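J.: Chain by chain, the residues run as shown.
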Amino acid sequence: MTANAEELDLKDRLSLIETMIAEGRRTTENYGWTFVLWGLAYCVAIFLDNVLHFQLAWQVTMTIAALLTAIPFWGKKCSHPPTTTARALGALWFGVGISMFIVLFSLGYSGRMSLHIFVAVICGMLGAVNASSSIILKWKLQFACALVWWATTIYACFGSGHYLMLVFAAATFLCQIVFGVYLMIREARARRQGANHA
Amino acid sequence: MPELPELNPVIHGKLRLALLSLLSGIEEAEFTWLRSKTGSTDGNLGAQLAKLEEAGYVTVEKKFVQRKPQTLYRMTEAGRTAFIEYVQALKQLLGEAIGD
Numbered sequence: 001m002t003a004n005a006e007e008l009d010l011k012d013r014l015s016l017i018e019t020m021i022a023e024g025r026r027t028t029e030n031y032g033w034t035f036v037l038w039g040l041a042y043c044v045a046i047f048l049d050n051v052l053h054f055q056l057a058w059q060v061t062m063t064i065a066a067l068l069t070a071i072p073f074w075g076k077k078c079s080h081p082p083t084t085t086a087r088a089l090g091a092l093w094f095g096v097g098i099s100m101f102i103v104l105f106s107l108g109y110s111g112r113m114s115l116h117i118f119v120a121v122i123c124g125m126l127g128a129v130n131a132s133s134s135i136i137l138k139w140k141l142q143f144a145c146a147l148v149w150w151a152t153t154i155y156a157c158f159g160s161g162h163y164l165m166l167v168f169a170a171a172t173f174l175c176q177i178v179f180g181v182y183l184m185i186r187e188a189r190a191r192r193q194g195a196n197h198a
Numbered sequence: 001m002p003e004l005p006e007l008n009p010v011i012h013g014k015l016r017l018a019l020l021s022l023l024s025g026i027e028e029a030e031f032t033w034l035r036s037k038t039g040s041t042d043g044n045l046g047a048q049l050a051k052l053e054e055a056g057y058v059t060v061e062k063k064f065v066q067r068k069p070q071t072l073y074r075m076t077e078a079g080r081t082a083f084i085e086y087v088q089a090l091k092q093l094l095g096e097a098i099g100d
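Protein chains in written order, with our numbering: chain A, 1 to 198; chain B, 1 to 100.
Hints are computed from structural coordinates only; laboratory data are not their basis. A portion of the hints provided could be inaccurate.
Claimed, not checked - Below 30 Å or equal to it, Euclidean Cα-Cα: the simulated DSSO-like pairs (lysine-lysine) are: (1) B:Lys-91 / B:Lys-62; (2) A:Lys-11 / B:Lys-91; (3) B:Lys-63 / A:Lys-11.
To be verified - Just the calculated beta-carbon pair ranges, DEER-fashion: (4) B:Asn-44 / A:Val-103: 53 to 59 Å; (5) B:Glu-61 / A:Thr-19: 36 to 42 Å; (6) A:Leu-8 / B:Lys-62: 36 to 42 Å; (7) B:Pro-9 / A:Thr-84: 27 to 33 Å; (8) B:Thr-71 / A:Val-103: 25 to 31 Å; (9) A:Phe-105 / B:Lys-51: 17 to 23 Å; (10) A:Asn-30 / B:Glu-77: 20 to 26 Å; (11) A:Ala-144 / B:Glu-77: 33 to 39 Å; (12) B:Lys-62 / A:Ile-117: 50 to 56 Å.
Stated by the list, open to error - For the chain B half of the interface with chain A, some residues (derived, Cβ under 10 Å), not all of them: (13) Val-10; (14) Leu-22; (15) Leu-45; (16) Ala-55.
Quick caveat, the model's predicted, so the values are computed rather than measured. All residues carry an ideal CB built from backbone N, CA and C; glycine is no exception.
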């Protein structure tokens, strides 16, 4: 083999390594819809609680949202092998989700819940999970969402109760619905590119 | 002149290299998934995976999921180390070739 052909062969192998590593890491799962679903669930709960004064607004909407999130994954065989990053992110969201349920349901049923505590807890935990996820994924946009959640937490602790639900609804709209829709668009684009490459 | 590194012959085969590259980014993979990603035949894929297993670079786990057999492959620490060394040697050789 000539030196030039040998060099081409080595470059070919390096390119094969890069392609296969990228192929292994390419995810086919879609999570954008879960952000939108939970964003809508928060908005529905805010509406039921503040406008219709439905006592169990949060308990009912959160339970329905949790079921709607779980059903598509239930018993579904994942077509893609797990990556360490995907497992880390799944564990993070699962842990925070369960923590939120335990804290909020316990506070609600013990009668020690107040609007300020409620928003501070939700936004603080969402800030934590979004910040951790953004650091794992090296994604500045998600870190911006974490900053919005943290700012809402600070407002919930120090600000007036008058506008608290409005501020919470605005944060939900930005960080759940707008961010979720953007994520869905990105995922759809990635799917199209994947189909073109296949 | 610095001595040029030798490429590990177990990893150097194209299909084995593709398999280790795929396994390096994930925790474990099914035989069928590896087959679809590499586009190889069952016989060839099985033979190459057996060579990697023999070298201690991958481990195999056979189990039944909902009564269907499933064969899972994982990269071992030895496999990861050998793969990293291979990539470093490859880059060094390419550096030498470009420098010539």
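J.: Compare the structure with each hint and give your call.
T.: Hint by hint, here is what the structure shows:
1. As the CA atoms of B:Lys-91 and B:Lys-62 are separated by approximately 36 Å, the hinted pair breaks the 30 Å bound.
2. With a CA separation close to 9 Å, the supplied pair A:Lys-11 and B:Lys-91 stays within the 30 Å bound.
3. With a C-alpha separation of about 38 Å, the suggested pair B:Lys-63 and A:Lys-11 falls outside the 30 Å cut-off, and the hint is violated.
4. Restraint check, B:Asn-44 to A:Val-103: a C-beta distance of roughly 54 Å satisfies the suggested window 53 to 59 Å.
5. Hint check: B:Glu-61 to A:Thr-19, Cβ distance near 26 Å, so the stated range 36 to 42 Å is violated.
6. Between A:Leu-8 and B:Lys-62 the beta carbon distance is about 39 Å. The supplied range of 36 to 42 Å therefore holds.
7. At roughly 29 Å, the beta-carbon separation of B:Pro-9 and A:Thr-84 lies within the given 27 to 33 Å, and the hint holds.
8. The hinted range of 25 to 31 Å is not satisfied by B:Thr-71 and A:Val-103, whose Cβ atoms lie roughly 43 Å apart.
9. Between A:Phe-105 and B:Lys-51 the CB atoms are about 55 Å apart, so this pair departs from the stated range of 17 to 23 Å.
10. A hinted range of 20 to 26 Å is violated for the C-beta pair A:Asn-30 and B:Glu-77, which are about 33 Å apart.
11. As the Cβ distance of A:Ala-144 to B:Glu-77 is approximately 38 Å, the hint placing it in 33 to 39 Å holds.
12. In this structure, B:Lys-62 and A:Ile-117 meet the distance hint of 50 to 56 Å, their C-beta atoms being roughly 52 Å apart.
13. Restraint check, B:Val-10 versus chain A: the minimum CB separation of about 14 Å is more than 10 Å; hint violated.
14. Here the hint on B:Leu-22 is kept, as its CB sits about 4 Å from the closest CB of chain A, short of 10 Å.
15. Residue-level restraint check for B:Leu-45 is violated (minimum Cβ-Cβ distance to chain A is 14 Å; threshold 10 Å).
16. Among the interface hints, the one on B:Ala-55 is violated; its C-beta lies about 18 Å from the nearest C-beta in chain A, farther than the 10 Å criterion.
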